[in-house]
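Peer 1: Keeping their order, the protein sequence lines are chains A and B.
Taking the numbering used here, the leading residue of the first sequence gets 138, the next gets one more, and so forth.
Taking the numbering used here, the leading residue of the second sequence gets 296, the next gets one more, and so forth.
FYI, nobody ran anything at the bench for these hints, they're computed from the structure.
A portion of the hints provided could be inaccurate.
[As the list claims (entries may be wrong)] Lysine to aspartate or glutamate pairs mimicking EDC-like chemistry, simulated, CA-CA at most 20 Å apart:
hint, chain 1, residue 1, chain 2, residue 2
1, A, Lys457, B, Glu317
2, A, Lys457, B, Glu380
3, A, Lys515, B, Glu352
4, A, Lys477, B, Asp343
5, B, Lys308, A, Asp469
6, A, Lys504, B, Glu369
7, B, Lys319, A, Asp545
8, A, Lys457, B, Asp320
9, B, Lys308, A, Asp466
10, B, Lys335, A, Asp545
11, A, Lys514, B, Glu352
12, A, Lys548, B, Asp377
13, A, Lys457, B, Glu369
14, B, Lys387, A, Asp466
15, A, Lys515, A, Glu395
16, A, Lys194, A, Glu226
17, A, Lys149, A, Glu379
18, A, Lys477, B, Glu317
19, A, Lys611, A, Asp275
20, B, Lys335, A, Asp469
21, B, Lys308, A, Asp454
[What the hints assert, rightly or not] Stretch by stretch, here's where chain B covers chain A in the computed footprint (C-beta under 8 Å, at least three residues):
hint, segment
22, 241-251
23, 381-391
24, 574-585
[Claimed, not checked] Calculated from the model, a selection of chain A residues having no Cβ within reach of chain B, i.e. all distances over 10 Å:
hint, residue
25, Arg185
26, Lys187
27, Asn195
28, Asp411
29, Val509
Computed from a predicted model, the values in this text were never measured in an experiment.
Virtual Cβ for every residue (Gly too), placed ideally from N, Cα, C.
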Amino acid sequence: MELYRLGISELKELLDKKEVSPKEVLDSLFKRIDAVEDKVKAFVTVTRDKAYEMAAKNTDGVLSGIPLAIKDNICTKGIRTTCSSKILENFIPPYESTVTSRLLEAGYVLVGKTNLDEFAMGSSTENSGFFPTRNPWDLERIPGGSSGGSAAAVAADECIGALGSDTGGSIRQPASLCGVVGLKPTYGRVSRYGLVAFASSLDQIGTITKSVKDAALLMNVISGHDPLDSTSAPVAAPDFTEVLSKDIKGIKIGVPKEYFIEGMDKEVESAVKDAIKTLESLGAIPVEVSLPHTGYAIATYYILATSEASSNLARYDGVKYGFRAEGKDLIDMYMQTRAKGFGSEVKRRIMLGTYALSAGYYEAYYKKAQQVRTLIKKDFEEAFKQVDIIATPTAPEAAFRFGEKTDDPLKMYLSDIFTISVNLAGVPGISVPCGFTSNNLPVGLQLIGKHFDEATILNVAHAYEQSTEWHRRKPEL
Amino acid sequence: MRIDRKQVEHIAKLSRLSITEEEKDIFGTQLSNILDYIEKLNELDTRDVTPTSHVIELTNVLRDDTPRTSLPLEDALGNAPDRTEKFYRVPKIIE
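Excised from the complex, chain B in its bound form (with noise of 0.2 Å):
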């Protein structure tokens, strides 16, 4: 599987990363060996097998819909890069 750098500017858009042109040949070459090694999981047959997506049987974990205190506000925005009042502050998104 080759990943070509217009691929590789594709995913990096997708994960929200900017990358520069010289990280645009690394990752376009690591990732498409990186496949080629996945490319390996083409020789079984999985047909009929169920795919797992946890190794525990656990399945709609319900609680009683009881209130509880929270994090207090001061504390979930202690972090934030850049607040006003009650709020996180972003970039503006609408001309």
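Okay, chain A solo, but in the shape it has when bound (with noise of 0.2 Å):
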């Protein structure tokens, strides 16, 4: 077996065990890099040199010798950060992230800064401003996004895993769409501080591996309070590998009958629906449950989202970042900046967060937005005053074609409509392997936890994943 296959807790043995070191781990994964990476597109930056200089320090980690690719929208000390944008083309932070620095402190190696929707805006990858990433299972189709080329690395096996960053589905769609695991966590458990901000109430940093239990090993170094985020909850964390004892007896699962609806795709509908039959016969309980709000996630996530990455980008103005375009004067010079910096996503998200901003149009539109999401909150409540976990597909259909979906917004929006919801209620979600369609691409079951009760969802999911072999299956590249 080749190195690169490995997943983190697999190459943790070998590495501690000194079976293997981590020279000749890197020297695997780039030999692989080198020999797939021009087909999938996964990566803007790969920091080969910055790797074997890491790999050689810091060797007593939890973390030690283990190959990581980072989403571009997470800032990293001296390696360019760009969020697939021109606009920050040659960004260099000046100070490290906290999930980095975490990951630093246990030893991580960085192979690479991954590619995703500029701003992390978008579901395909394909909003990049620089080139589109390509689903590893078939190359002429689309990863999914944001979190695309974290995706299409960790599937590749171009990294052993990665972070990602999900604000409306991020990481677990892209992570659906390439056969991998994908866990969003609870908004506040992990810390933002250095997380390029697209829409600061529902913006989540995550993980994206090739098993649940690497989630699992991930998430006990990144998770807990971080004084540099004020939004970071105070809530002490697990430790996520204990929790995985595949015991999912008497669990009870809630089935949303609205995310089961007419002209779904039949192939996704029957692989989750067999993979709800798989829990129960390994003793969960399904239970039919409402989250009546459904329908309207989609509407509600783009007046807030874009609201506020409306604010939240207006710092781009070309005196501070890197790049600026000439203008007749100050303003002019903003505009022209932000005219050839910025994509169309975000030109448009841009504008339709400053109209629903705009003066007379904040309670029509904002308020409401937001009025609703308390309804959407409370569907989730009362759900788990009945049910664990919440089983759904993590998207409507498996990877789609490029081009399928760019020129209308609103069906490209759509691809999201089963895992919106989780962020606007601010509940944990991953997406874990659960079949192929006939074409052969993957496609994801979706587990939604209660607040911080990330356990729950991994205990169940690594239990559904060590009983099927679908986390087993490596595209051919």
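Reassemble the complex: the two chains are provided individually, in unrelated frames, and hints are given to aid placement.
Peer 2: Encoded structure:
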């Protein structure tokens, strides 16, 4: 078995026993990157020299010698962090994000920064300001997004694990479409210090890995309160690897009727229903639940996320972040810089958010959406009175072809129909591989937990994964 | 909700975005379609519903007012497209 094929826990065992050296691991991994990266295009920056440097240092941490990829909207000190945007093309962060600081303390090795939809706005990685990433399972198809680079890098074995960010499904949807495990923790569980802000009431950093156990291992390192992020919750995190007992007898799994609807992809529907039957055979109890405001989630999200984005992205004015276009005066310089620096989806969202927050429209849009958000949150609170977790498809369909949805923003937005409510409610969600379509494209099962109860969804996801073979399949590249 | 060219120009100006004539039409149509979709929120009666701005209950997060080392000046200015001494430099504002 080639070393690059391994996950974090398997590789850690070999490294701990000194059966392989960090250098051998990197040699294997970069050989793999050299072989497949031209096809997949997962990375904006590959940090080869830095990786060997890091692998030689800090050899007794829990992640020593483990090569990980980091989504390129997470600041890495001294290493270009672009958000896949021309406006940040040459931005070198002067500080380290909290998550990568913690990974550094644990001894991780950075292999590269991964591609994304510009500023994490998109569901296909086609909105990258540089180039699209391709799905390792079918190079004619999108990898999902916005963490498409991280998901594709993990699926193509170009890294051992990765971090992504999830504002409306940006970890779970690409994980589902690339056949890997994606965890969006509870809002507040993982510090966002150093994550380039998109929609601050929704953004969350999480993991993309080859197994559920690997997600637990990374969560142990990145979770917990951070005084540098005032929205990080002062809640103690458990040892997430210790909760993976595989005993799920008696766990009540809510199956929301609103997530199995007319017109959804039949193959996705049957894969997810089969997965729920498997969970039942392992001792879990499926219970039908209702999340009645599901149909309003996308409309709510596109008001809140764009409003917050219009404010967060106001800082890119051609003064502080490297890129500037000339203008005839200061205002014109701002306008030219932003016109040339941002891509069309980012412009569209800034304009929508600016409109929603502008004088006379605030009550009708932003406040209304915040009120509907309360209703969506209450839906989950009610459901979680009856059940321990909720199971749904992660995405309404498997990976689609390039260009299929680029002309119609609304059609693209609907890709996140099953993941967005989770961000609005702030609860944790995980996507785990649960089958393949007849075209050999991966399908994901989403498990949603209560606030700060990643433990239960990780345990159920682990039990499911270990009783199936889906996660062992690899794309041919 | 129809967003006409004039409104697109106004929103673009508020957003500090210079847009082309062609973009005015495209954004106008796309924003109108998205806003039409968002209209569905009006099906819900939310008169007595408290808005949610934040999902976890944290208010007024404070810390002790103790001095800490801040980012060195050279690091902070490191990404400036134009600078002079210890300042960011921008096009002239006052005639």
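Peer 1: Next, verify each hint and record whether it holds.
Peer 2: Now for the hints, and whether the structure bears them out:
1. A:Lys457 with B:Glu317: violated (30 Å)
2. A:Lys457 with B:Glu380: holds (15 Å)
3. A:Lys515 with B:Glu352: Holds, at about 15 Å.
4. A:Lys477 with B:Asp343: Distance ~44 Å between Lys477 (chain A) and Asp343 (chain B) Cα, so the pair is violated.
5. B:Lys308 with A:Asp469: The hint holds at about 10 Å.
6. A:Lys504 with B:Glu369: violated (42 Å)
7. B:Lys319 with A:Asp545: holds (16 Å)
8. A:Lys457 with B:Asp320: violated (32 Å)
9. B:Lys308 with A:Asp466: holds (15 Å)
10. B:Lys335 with A:Asp545: Distance ~19 Å between Lys335 (chain B) and Asp545 (chain A) Cα, so the pair holds.
11. A:Lys514 with B:Glu352: holds (13 Å)
12. A:Lys548 with B:Asp377: violated (41 Å)
13. A:Lys457 with B:Glu369: This hinted pair holds, its Cα atoms lying about 13 Å apart.
14. B:Lys387 with A:Asp466: holds (7 Å)
15. A:Lys515 with A:Glu395: holds (15 Å)
16. A:Lys194 with A:Glu226: Between Lys194 (chain A) and Glu226 (chain A) the Cα gap is close to 29 Å, so the pair fails against 20 Å, i.e. violated.
17. A:Lys149 with A:Glu379: Given pair Lys149 (chain A), Glu379 (chain A) holds - Cα atoms ~17 Å apart, limit 20 Å.
18. A:Lys477 with B:Glu317: Holds, at roughly 15 Å.
19. A:Lys611 with A:Asp275: With a Cα-Cα distance of about 12 Å, the restraint between Lys611 (chain A) and Asp275 (chain A) holds, given a limit of 20 Å.
20. B:Lys335 with A:Asp469: violated (37 Å)
21. B:Lys308 with A:Asp454: holds (14 Å)
22. 241-251: violated (count 0)
23. 381-391: Coverage by chain B is violated here, the residue count being 0 at a Cβ distance below 8 Å.
24. 574-585: Since 0 is below three, the answer is violated.
25. Arg185: holds (23 Å)
26. Lys187: holds (18 Å)
27. Asn195: Fine: 23 Å to the nearest Cβ keeps Asn195 (chain A) off the interface.
28. Asp411: Non-interface label stands for Asp411 (chain A): nearest chain B Cβ at 32 Å, farther than 10 Å.
29. Val509: violated (6 Å)
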